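Asker: Chain by chain, the residues:
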Amino acid sequence: MTVEFEEPTFNLTAAIVGWIVPGAGHWKVGQTARGWLILLGVGGLFLLGVLVGGVDCVDRREDGMWFIAQAGAGGLAFATDGLNIMFLKSGRVGELLPLAVQSGTVMVSSFKGAGPSNEIGTLLCGLAGMMNVIAVLDVLYRSTPTVSANSSASNGAFE
Amino acid sequence: MIIQLAYVPFLQPLPTVAQWWWLLLVPACAAISVIWKAVRLDTLEHFWREAITMTAHSVLAMAALAAALMVLLRVVIPLLATS
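These protein sequences, in sequence, are chains U and D. Residue 51 in this note's numbering sits at position 51 of the first sequence, and the numbers go up by one each step. Residue 71 in this note's numbering sits at position 71 of the second sequence, and the numbers go up by one each step.
Just so you know, these hints were derived from the structure itself, not from any lab. This one's a predicted model, so the numbers in the text were calculated from it and none came from an experiment. Wrong hints could be hidden among the right ones.
[What the hints assert, rightly or not] To give a feel for the contact side, a few chain D residues facing chain U, derived at Cβ under 7 Å:
no.: 1; residue: A6
no.: 2; residue: F10
no.: 3; residue: P13
no.: 4; residue: V17
no.: 5; residue: I35
[Unchecked claim] Part of the chain U face toward chain D, derived, beta carbon under 8 Å:
no.: 6; residue: I38
no.: 7; residue: G44
no.: 8; residue: L45
no.: 9; residue: L48
no.: 10; residue: L51
no.: 11; residue: V52
no.: 12; residue: F87
no.: 13; residue: G113
no.: 14; residue: G115
no.: 15; residue: S117
no.: 16; residue: I134
no.: 17; residue: A135
no.: 18; residue: D138
For every residue, glycine included, the Cβ atom is placed at its ideal position computed from N, Cα and C.
Just chain U, same shape as in the assembly (with noise of 0.2 Å):
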């Protein structure tokens, strides 16, 4: 099989739509089941961190910093800090009660994660997002294989 490759180019528009739906940027650039995995491995560490931490483990006002890292993956982490904004922090979800601070009081949710489970979760979104970020930057210079016509087709090599 001949498997000719394209002068690598500028896909912005392919980070762009992989940052909002993980694997979906290399999709647009014709490399199908690379996005299929990508999806797979980004929304599977970031659906098991949130199955372990709950929703609460994204959270962009209490762990900004955390919250940097589980940006990379896009549409993900802003649909999750969505929820919990929804059903946890509103209430909605369980019940809010009184949690003595230094300040004074805040009201908080009766499923708000705390301890390993909470952190775990935490962590596993953040490497999520930061795998994402990497996938990101593939499709920025990823240049498309084409194959030529003598080739037989679906070997499973290339999409």
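Based on the hints, put chain D in the right spot on chain U.
Answerer: Using the frame of chain U, we list chain D on its own:
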């Protein structure tokens, strides 16, 4: 007394994770390997073999590091303290 009637997945933190958190190393390494190999490999012909190999290497390296740290903390440092 607070009684937890039911665990709600994705909304509440997973209970009892403190006892087996270290097992999460395996799916974390697997996911990282899948992403890394999806980005780095020129062809996806031997993708799963490469990803599984990288997962195994990462988990074994972490286990070796943990064992080395345990030896340092339980054997080497107590010896230094007594000498």
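Asker: If a hint holds in the structure, say so; if it does not, say that too.
Answerer: Quick rundown of the hints versus the structure:
Given the 7 Å rule on beta carbons, the hint for D:A6 is violated: about 12 Å separates it from the nearest Cβ of chain U. Here the hint on D:F10 is kept, as its CB sits about 5 Å from the closest CB of chain U, short of 7 Å. Of the supplied interface hints, the one on D:P13 holds, with its beta-carbon coming within about 4 Å of a beta-carbon of chain U, less than 7 Å. Checking D:V17 against chain U by beta carbon gives a least distance of about 4 Å; that is within 7 Å, so the hint holds.
Annotation: interface hint on D:I35 holds; nearest CB of chain U at approximately 4 Å, less than 7 Å. Checking U:I38 against chain D by beta carbon gives a least distance of about 5 Å; that is within 8 Å, so the hint holds. The restraint placing U:G44 at the interface with chain D holds, with a minimum CB-CB distance near 5 Å, inside the 8 Å limit. Interface hint at U:L45: satisfied, since its Cβ lies 4 Å from the closest Cβ of chain D, which is below the 8 Å cut-off.
Nearest Cβ of chain D to the Cβ of U:L48: about 6 Å, under the 8 Å cut. The hint holds. The restraint placing U:L51 at the interface with chain D holds, with a minimum CB-CB distance near 6 Å, inside the 8 Å limit. Checking U:V52 against chain D by beta carbon gives a least distance of about 5 Å; that is within 8 Å, so the hint holds. Below 8 Å, beta-carbon pairs count as interface contacts, and U:F87 has one with chain D at about 7 Å; its hint therefore holds.
For U:G113, the suggested interface contact is upheld, since its CB lies about 4 Å from the closest CB of chain D, less than 8 Å. Residue-level restraint check for U:G115 holds (minimum Cβ-Cβ distance to chain D is 7 Å; threshold 8 Å). With 8 Å as the threshold, the beta carbon of U:S117 comes within range of chain D, its nearest partner Cβ sitting at about 4 Å, so the hint holds. Because the smallest distance between the Cβ of U:I134 and any Cβ of chain D comes to about 6 Å, under 8 Å, the interface hint for this residue holds.
For the restraint placing U:A135 at the interface with chain D, the shortest Cβ-Cβ distance is roughly 6 Å, inside the 8 Å limit, so the hint holds. With 8 Å as the threshold, the beta carbon of U:D138 comes within range of chain D, its nearest partner Cβ sitting at about 4 Å, so the hint holds.
In this structure, the one hint that does not hold is number 1.
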